[in-house]
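Student: Given the structure of chain A, go ahead and fit chain B onto it with the hints provided.
2 protein chains.
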Amino acid sequence: MNLLKNGGLCQMELAQAITKLDALQRKMFAYNHAMGVLYYDGATAAPAGSAANRGETMAVLSEAEYLMATGPEMIDLLDFLYAHNDELTQKQRRIVEMLRKDLAELRCIPQEEYAAASKLMAESTAAWHEAKPRSDFSIFAPYLEKVIETKKRFAHYVKPDIDPYEYYLDTYEPGLTRRKCDEFFAALRARVVPLLKRVQAARQVDASFLTGDFPLEAQRKLSDELMEIMRIDRSFCSIGETEHPFTTNFTKRDVRITTHYYPDNAVSSMYSVIHEGGHALYELHTADEDMYNGLGSGVSMGLHESQSRFYENLVGRSRGFVTFLAPRLRALFLQQLGGVSDDALYRAVNRCEASLVRTEADELTYSLHIMVRYEIEKKLFADEISVAEIPQEWNRLYQEYLGVTPSCDRDGCLQDSHWSDGSFGYFPSYALGSAYGAQMLARMRETVDVDACEKNGDLAPINAWLCEHIWQYGCLYKPAELLERVFETPFDPKYYLDYLETKFTEIYGL
Amino acid sequence: MNLLKNGGLCQMELAQAITKLDALQRKMFAYNHAMGVLYYDGATAAPAGSAANRGETMAVLSEAEYLMATGPEMIDLLDFLYAHNDELTQKQRRIVEMLRKDLAELRCIPQEEYAAASKLMAESTAAWHEAKPRSDFSIFAPYLEKVIETKKRFAHYVKPDIDPYEYYLDTYEPGLTRRKCDEFFAALRARVVPLLKRVQAARQVDASFLTGDFPLEAQRKLSDELMEIMRIDRSFCSIGETEHPFTTNFTKRDVRITTHYYPDNAVSSMYSVIHEGGHALYELHTADEDMYNGLGSGVSMGLHESQSRFYENLVGRSRGFVTFLAPRLRALFLQQLGGVSDDALYRAVNRCEASLVRTEADELTYSLHIMVRYEIEKKLFADEISVAEIPQEWNRLYQEYLGVTPSCDRDGCLQDSHWSDGSFGYFPSYALGSAYGAQMLARMRETVDVDACEKNGDLAPINAWLCEHIWQYGCLYKPAELLERVFETPFDPKYYLDYLETKFTEIYGL
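Chains as they are written, first to last, in the numbering used here: chain A, 1 to 510; chain B, 1 to 510.
Careful, some of the hints might be misleading.
For chains that are exact copies, the list does not tell them apart, and a pair is met inside one copy or across any two.
EDC-like mimics (lysine to aspartate or glutamate), calculated; alpha carbons at most 16 Å apart, straight line [said to hold, decoys possible]:
#  : residue 1 : residue 2
1  : Lys152    : Asp170
2  : Lys27     : Glu63
3  : Lys20     : Glu73
4  : Lys27     : Glu112
5  : Lys378    : Glu145
6  : Lys27     : Glu87
7  : Lys221    : Glu243
8  : Lys20     : Glu506
9  : Lys494    : Asp213
10 : Lys455    : Asp264
11 : Lys101    : Asp492
12 : Lys20     : Asp76
13 : Lys152    : Glu166
14 : Lys91     : Asp290
Just so you know, these hints were derived from the structure itself, not from any lab.
In isolation and in its complexed conformation, chain A is listed as follows:
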């Protein structure tokens, strides 16, 4: 009887603790939401001179959130709940595990440094926004130096014994190490480089009709059509326009994708919408009940990129889907594409070319662009090069891997936004994501007639498969765990490399 009573009391305390943790997470969610909107507004609508004020506001909110994430209430709740780990549901256990990991890391970083870093990232991003159109690296360099110095210091606070760059690799793709990353890129290099050589020696594909006069209004209409084809609910997902396309999500009820319309090129925006749309679909389909807790979001950057690049390339650049889109494109851009056949269009959007800009890169050379960034990040964190040497090193690596050299930093080391807010270690996840996606496609084909879906523009079965196997879980499983459940065999880049070889052998008649 006494035992029962104690058991009952404990149950009640446990329920109360869960409720309190929910409330605390909701509050932290609000701060993240506000900071997210400030960031989005800064990249879209805000006047250029507003960055300093925004940085100060970010610092205040970030400090308040830090205090919640590391405060005595959070510590007590997590200690209590961890002590009752066996009595928690699977979801609750994972939430506690993730929060404890965050807490352990945050507690290593002094509060005032954390707030200052938040302000610095906002200012640095603004500096990048100013530097890129002017192609002036010197505007951005002093901020980037501070960003790298801060990131190194933070990594050292948290994990003083491991390589700071490896710490960030693991942040974006839990479990990823420099060794694994090196091996992965070596495997890619071994097959992609010779394949590219054969492609370059073959008869080239004509894509000249993809450059010309593509009215912005028609491009915006195309974005609307793509969102509908991808079955993205516009009530919960908007499209904005920014220098560099991105996706951000505040909740599964408020996801934003952005694109950049170029008046002389419709394909760039088209594939950025499909890419960001893949990110959006993932975020829009996490579980309703996880809206305000740490599970309600994509689990890692690699998994996220696997989804965006799945739609962009495996679906968006497939023969079936391009054939489905072709009549729509001819109607929207009659003057440019009216006389272009389905086959010519398919080959054109898959044209391989060693080029300068990652986001415009074809499917085959893409991983080489990533390798440039990976090499530079490793060297920056190992103090093998300085920030001032980035442009030179960038140009050297582009020449080495791709055989091309940027004529200005706008098309070189200033092209991506990632470094401006300290997202070092993120880039490898693009290449990993592509490889994950190819292995998912192989699994999907066992039960879904993917070719028919693409040809008919009916993406519902593809969405349903991804939702069933990936999206609905949010962060419930760790990336490696989730992939194991999906693949039922270990991750292997050979699916990706086989896919590339088959596809480009056919297109280039190798």
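Tutor: Below, chain B alone, put in the same frame as chain A:
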């Protein structure tokens, strides 16, 4: 010696208290900034389904700000500083006075009700955004009922002895009462109504060429030109597009104006940009040192409208300025306006017509639109009509004052956003502002050749005069005090009425 020492100590304590208050205000500023950006984003970029989440986030931030504004630190600081009132600078005294007033009011409102109200206003605004394009008042009505109920309850908490509506009149225009407002509108009615009758009996002005095909791209270009002519620094002020134009400011370094482009009407957006530009100029020119304290913003809605309507009407619809703009308008809209003379354009943009939409109203009938809203607000707060009766009462009053009846609520009681976020008592400030502006113009003419400025499109001397007499002070002086300094005689609506009579007598050849 002892005295000196105490004095020194007290000085140090005082300096510390000032520093602490500054820091607290900066923190509160950050929360207001975040909430402002969330609001702006909600009105511009956010997907429609995101309102509920945004409301919850607003409630969390609003609660945190409430705790800062009413917490023990604020109370202690204000008590201490008020006790040393004589030792404070003029600015410090005014800051303390304003914060004490806010504190006294906020302490009357229970914290949880304050947070709930913030959430309600966000949801209500979203409902209005949904209701207006559908012209469906029933979508908005249940929210509006809750908004009014909340506003009444809050007024009662703060000032249980006075009429709730009068409380809000005083909020937007400190010192304004129902009696003063009734008298002001009576004075207007006595001269505007007979003047309008004479205008309506006269030969009508042709404005048919202002309706037609006005490409949006050219309209956007016109906005850019107007911003430049008004000398608005775009680094600190952006233009967005919303259903209903508005201005919002986070600091003097981040001001946003919005407009609505109608493809068949260029004048609507043109004058909304000039109007909102007037608000923006005021906010952009408060003192640098007041960026993060309560002084760094326009002092009242009446003063604010005096600036926006000064630019819109006294400058923007003057013969000189229209003549200056005419060649630009003819160049931008060659097909529509290529053959229109300066005089015809001047008369057309000043055409009087009893119409349905306030923001499209001419200068003469404008105050009648305001009177409709004033009457309804008074009746709602006196429980003389219910929310459900608004459409009917709206249409009745439009018929009575203007002789026209809306065919749908979109052009009727759903046209304005003000009620959706509880801005009751705001409307009278538009009419008051117009009258303030006319009296300012009379003063300005004593030292500035206003006609020459308008004719040459050189607004610098006008901006300089307004900056010197009004903008730079922010909230340092109370509205009545500021006006007294500017006018050196009491405020008198006769300047406004004389101005209207002279202008429209000339245009209509009365």
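Student: Could you tell me which of the hints above the structure violates, numbers in ascending order?
Tutor: Failing hints, ascending: 6, 7, 8, 9, 10 and 11.
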